Amino acid sequence: MTSDGLTLQGLILKFGILIGIIALATWGVHMIRDALDLQIRPDNEQQVHKAIMIGAMAYIALLAMPFVPGAEIGIALLAGFGAAIAPLIYVCTIAAMMLAFAVGRFLPISALERALRVFRMRRTADLVARAAPLPREERVAMLLEGQSKRVLRLALRYRYVAIAVAMNTPGNSIIGGGGGIMIIAGLSGIFTPLSTFLTVILAVSPVPLAVIFLGLQF
Amino acid sequence: MPQVLQIAAIAIATFGTGAATLSVMNEDIADLAVPEGDWAATGALDGFAFRISGEDLSSGAELKDDIIFRDGTFQSTDCEEYCNFGWSSYQTKEIDGVTHFTTTAICPDAPHTVVWYGTVTGDEVAIDVTWTTRRWYWTNQIPIRVVGKVTPLDTISG
Chain A
1 MTSDGLTLQG LILKFGILIG IIALATWGVH MIRDALDLQI RPDNEQQVHK AIMIGAMAYI
61 ALLAMPFVPG AEIGIALLAG FGAAIAPLIY VCTIAAMMLA FAVGRFLPIS ALERALRVFR
121 MRRTADLVAR AAPLPREERV AMLLEGQSKR VLRLALRYRY VAIAVAMNTP GNSIIGGGGG
181 IMIIAGLSGI FTPLSTFLTV ILAVSPVPLA VIFLGLQF
Chain B
1001 MPQVLQIAAI AIATFGTGAA TLSVMNEDIA DLAVPEGDWA ATGALDGFAF RISGEDLSSG
1061 AELKDDIIFR DGTFQSTDCE EYCNFGWSSY QTKEIDGVTH FTTTAICPDA PHTVVWYGTV
1121 TGDEVAIDVT WTTRRWYWTN QIPIRVVGKV TPLDTISG
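In order, the protein sequences belong to chains A and B. This note's numbering puts the first residue of the first sequence at 1, with every later residue one more than the last. This note's numbering puts the first residue of the second sequence at 1001, with every later residue one more than the last.
Looking at chain A on its own, in the form it has when it is part of the complex (with noise of 0.2 angstroms):
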């Protein structure tokens, strides 16, 4: 059975390999965790709370911003402290998703370029100039450059289904990451306030709520 040169032999040493990066991060996270040594104690609660408060509040600055990996450090959060962080965590990821949305949204777009180079983020700016003189519809379908037509139109047409697989598929920050995603999806004026802000309650659940359910078992 082959499929564009790949062979049975290879597909399953690439699963293979896959397993076992899969099985070196667990490994990789159960160490950072055992060597943070994280105890919440009376002595600590304070400081600890504080980590968290700025912690909350950097990764929803990072996350909203395009090309910035800021998912690590709800990732990290999550790692130090459990589950039981799991929730704030979904919150502050949708704030950031809905806050990337506004600035794309109501910020103008020569003006928001503007503020991309000043603050030296020229990959967005790039990305935002790329997008400036396109319609409307053709914006999204510039994240979706090297689709054929059909997976276009369709992605236009279930845009909301598209933009939360968009925000969850392993590998966006080619296109901007979470971030990116959301500035350009209020670039382009095609998604409205509320659904889209229904979607991204819906496209960012799975991992806290796998968290929360499955307990933390990376």
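Please keep in mind that the hints were generated in silico from the structure rather than gathered at the bench. Check the hints yourself; a few may be wrong.
Label pairs and their in silico Cβ distance ranges [stated by the list, open to error]:
no., chain 1, residue 1, chain 2, residue 2, range
1, B, Ala1040, A, Ile75, 30 to 40 angstroms
2, B, Val1098, A, Gln47, 20 to 30 angstroms
3, B, Ile1012, A, Tyr158, 25 to 35 angstroms
4, B, Gly1047, A, Gly28, 52 to 62 angstroms
5, A, Ala51, B, Ala1020, 17 to 27 angstroms
6, B, Gly1086, A, Ile190, 51 to 61 angstroms
7, B, Glu1036, A, Ile21, 53 to 63 angstroms
8, A, Met57, B, Leu1057, 26 to 36 angstroms
9, B, Asn1026, A, Ser148, 37 to 47 angstroms
Being a predicted model, the structure only gives us computed values, none of them experimental. For every residue, glycine included, the Cβ atom is placed at its ideal position computed from N, Cα and C.
Fit chain B to the known structure of chain A by using the hints.
Positioned in the frame of chain A, the structure of chain B alone reads:
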């Protein structure tokens, strides 16, 4: 709808949903369950102080403390270092020559509630404690178990 109102609506929806989500998902942890009985503010332990030691049952950390009973109130010198709990009124009951006591200390500056339940047999005391912190995003509880002996009041500093 004007843009400012739309932004305000998004912000309100986000924070409102966030608050609702946290209040539903944030599982409360009950304070230490103190056995029911004829608890009364007798002041039976007034004038006593105990030097106690034990451990935080969740982390295994060793704890040392001095507790004082005075004028129908109770204070833990160690807890005072972390929050200004002040003096909390305590209640007692007597069963077969053993004095049981309980008190709840509430921190005025942070959401800490510390519930104490102990038994005094002769000069010795055994106590269970829960230190519960109810933050808006989670509830954390530290269970503590300590034992100790009577100590003269003048040996306690702070």
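Status of each hint after checking the structure:
1. Our hint of 30 to 40 angstroms for B/Ala1040 and A/Ile75 is violated, since their Cβ atoms are close to 52 angstroms apart.
2. As the Cβ distance of B/Val1098 to A/Gln47 is approximately 39 angstroms, the hint placing it in 20 to 30 angstroms is violated.
3. Between B/Ile1012 and A/Tyr158 the Cβ separation comes to about 28 angstroms, which falls inside the hinted range of 25 to 35 angstroms.
4. Roughly 56 angstroms separates the CB atoms of B/Gly1047 and A/Gly28, a value that falls within the hinted 52 to 62 angstroms.
5. The hint said 17 to 27 angstroms for the Cβ distance between A/Ala51 and B/Ala1020, and at roughly 25 angstroms that hint holds.
6. Roughly 59 angstroms separates the CB atoms of B/Gly1086 and A/Ile190, a value that falls within the hinted 51 to 61 angstroms.
7. Separation of B/Glu1036 from A/Ile21 is about 55 angstroms and conforms to the stated range, judged on CB atoms against 53 to 63 angstroms.
8. In this structure the supplied range 26 to 36 angstroms holds for A/Met57 paired with B/Leu1057, their Cβ-Cβ distance being about 33 angstroms.
9. Remark: the range hint 37 to 47 angstroms for B/Asn1026 to A/Ser148 is upheld by a beta-carbon distance near 45 angstroms.
Hint compliance for this structure: hints 1 and 2 are broken, all remaining hints hold.
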